[in-house]
Amino acid sequence: MAEQPELEPWVNELLEAFEIPDAPIDIDAVLSLAGVAAHQIVRPAAPLTTYIAGFAAGLAAGSGQASEADSVRAADRVVRAVLSRRAEAGRSAD
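Read in order, the letters of the sequence shown correspond to residues 1 to 94 in full-length UniProt numbering.
Just so you know, these hints were derived from the structure itself, not from any lab. Beta carbons: idealized from backbone N, C-alpha and C, even for Gly. Be a bit skeptical, because a hint or two may be false.
Label pairs and their in silico Cβ distance ranges [unchecked claim]:
1) R77 to L14: 22 to 30 Å
2) P44 to G90: 29 to 37 Å
3) L31 to V82: 28 to 36 Å
4) E6 to S63: 17 to 25 Å
5) S63 to P24: 18 to 26 Å
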(Lines of atoms letter the chains of each structure in order from A and count residues from 1; the text may use other names and numbers.)
(Lines give C-alpha, C1' and ligand atoms only; values in the text may rest on other atoms or scores of the structure.)
Protein backbone atom coordinates (compact mmCIF):
# COMPACT_ATOMS: atom_id res chain seq x y z
CA MET A 1 0.00 0.00 0.00
CA ALA A 2 1.37 3.37 -0.96
CA GLU A 3 2.21 5.68 1.90
CA GLN A 4 0.06 8.34 0.25
CA PRO A 5 -3.36 6.85 -0.60
CA GLU A 6 -4.14 9.48 -3.25
CA LEU A 7 -1.29 8.12 -5.38
CA GLU A 8 -2.94 4.78 -6.09
CA PRO A 9 -5.92 6.26 -8.02
CA TRP A 10 -3.53 8.57 -9.88
CA VAL A 11 -1.28 5.68 -10.90
CA ASN A 12 -4.32 3.67 -12.00
CA GLU A 13 -5.58 6.62 -14.07
CA LEU A 14 -2.20 6.93 -15.78
CA LEU A 15 -2.01 3.20 -16.46
CA GLU A 16 -5.48 3.33 -18.05
CA ALA A 17 -4.46 6.34 -20.17
CA PHE A 18 -1.41 4.45 -21.43
CA GLU A 19 -3.58 1.37 -22.01
CA ILE A 20 -1.53 -0.76 -19.62
CA PRO A 21 -3.99 -1.15 -16.74
CA ASP A 22 -2.47 -4.39 -15.49
CA ALA A 23 1.12 -3.14 -15.30
CA PRO A 24 2.44 -3.85 -11.81
CA ILE A 25 3.63 -0.61 -10.25
CA ASP A 26 5.22 -0.69 -6.80
CA ILE A 27 4.51 2.86 -5.72
CA ASP A 28 6.52 2.53 -2.52
CA ALA A 29 9.57 1.28 -4.43
CA VAL A 30 9.36 4.20 -6.86
CA LEU A 31 9.01 6.66 -3.99
CA SER A 32 11.93 5.06 -2.18
CA LEU A 33 14.16 5.39 -5.23
CA ALA A 34 13.05 8.99 -5.73
CA GLY A 35 13.74 9.76 -2.08
CA VAL A 36 17.26 8.40 -2.21
CA ALA A 37 18.01 10.42 -5.34
CA ALA A 38 16.50 13.58 -3.85
CA HIS A 39 18.53 13.29 -0.67
CA GLN A 40 21.84 12.28 -2.23
CA ILE A 41 21.80 14.58 -5.24
CA VAL A 42 19.22 17.39 -5.13
CA ARG A 43 15.45 17.30 -4.87
CA PRO A 44 14.85 17.74 -8.64
CA ALA A 45 16.92 14.59 -9.24
CA ALA A 46 13.99 12.50 -7.96
CA PRO A 47 11.68 12.75 -10.98
CA LEU A 48 14.57 12.62 -13.43
CA THR A 49 15.98 9.52 -11.77
CA THR A 50 12.69 7.64 -11.73
CA TYR A 51 11.91 8.66 -15.31
CA ILE A 52 15.29 7.48 -16.60
CA ALA A 53 15.10 4.25 -14.59
CA GLY A 54 11.62 3.56 -15.94
CA PHE A 55 12.70 4.39 -19.48
CA ALA A 56 15.68 2.04 -19.21
CA ALA A 57 13.50 -0.72 -17.74
CA GLY A 58 10.97 -0.27 -20.54
CA LEU A 59 13.65 -0.47 -23.20
CA ALA A 60 15.11 -3.62 -21.68
CA ALA A 61 11.72 -5.30 -21.35
CA GLY A 62 10.53 -4.14 -24.77
CA SER A 63 13.61 -5.48 -26.51
CA GLY A 64 13.24 -8.85 -24.82
CA GLN A 65 16.49 -8.37 -22.93
CA ALA A 66 14.71 -9.22 -19.67
CA SER A 67 11.21 -9.68 -18.27
CA GLU A 68 9.34 -6.60 -17.11
CA ALA A 69 9.88 -7.47 -13.44
CA ASP A 70 13.58 -8.22 -13.94
CA SER A 71 14.02 -5.00 -15.92
CA VAL A 72 12.47 -2.92 -13.15
CA ARG A 73 14.58 -4.59 -10.46
CA ALA A 74 17.73 -4.12 -12.56
CA ALA A 75 16.99 -0.44 -13.14
CA ASP A 76 16.50 0.06 -9.39
CA ARG A 77 19.79 -1.73 -8.66
CA VAL A 78 21.69 0.35 -11.24
CA VAL A 79 20.41 3.65 -9.85
CA ARG A 80 21.18 2.64 -6.27
CA ALA A 81 24.66 1.47 -7.29
CA VAL A 82 25.39 4.78 -9.02
CA LEU A 83 24.13 6.71 -6.00
CA SER A 84 26.20 4.53 -3.69
CA ARG A 85 29.35 5.14 -5.75
CA ARG A 86 28.70 8.88 -5.69
CA ALA A 87 28.20 8.82 -1.93
CA GLU A 88 31.37 6.78 -1.44
CA ALA A 89 33.34 9.13 -3.70
CA GLY A 90 32.03 12.07 -1.67
CA ARG A 91 33.20 10.47 1.57
CA SER A 92 36.60 9.76 0.02
CA ALA A 93 37.00 13.38 -1.01
CA ASP A 94 36.45 14.62 2.56
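Hint by hint, here is what the structure shows:
no.	hint	in the structure
1	R77 to L14: 22 to 30 Å	24 Å, holds
2	P44 to G90: 29 to 37 Å	19 Å, violated
3	L31 to V82: 28 to 36 Å	18 Å, violated
4	E6 to S63: 17 to 25 Å	34 Å, violated
5	S63 to P24: 18 to 26 Å	19 Å, holds
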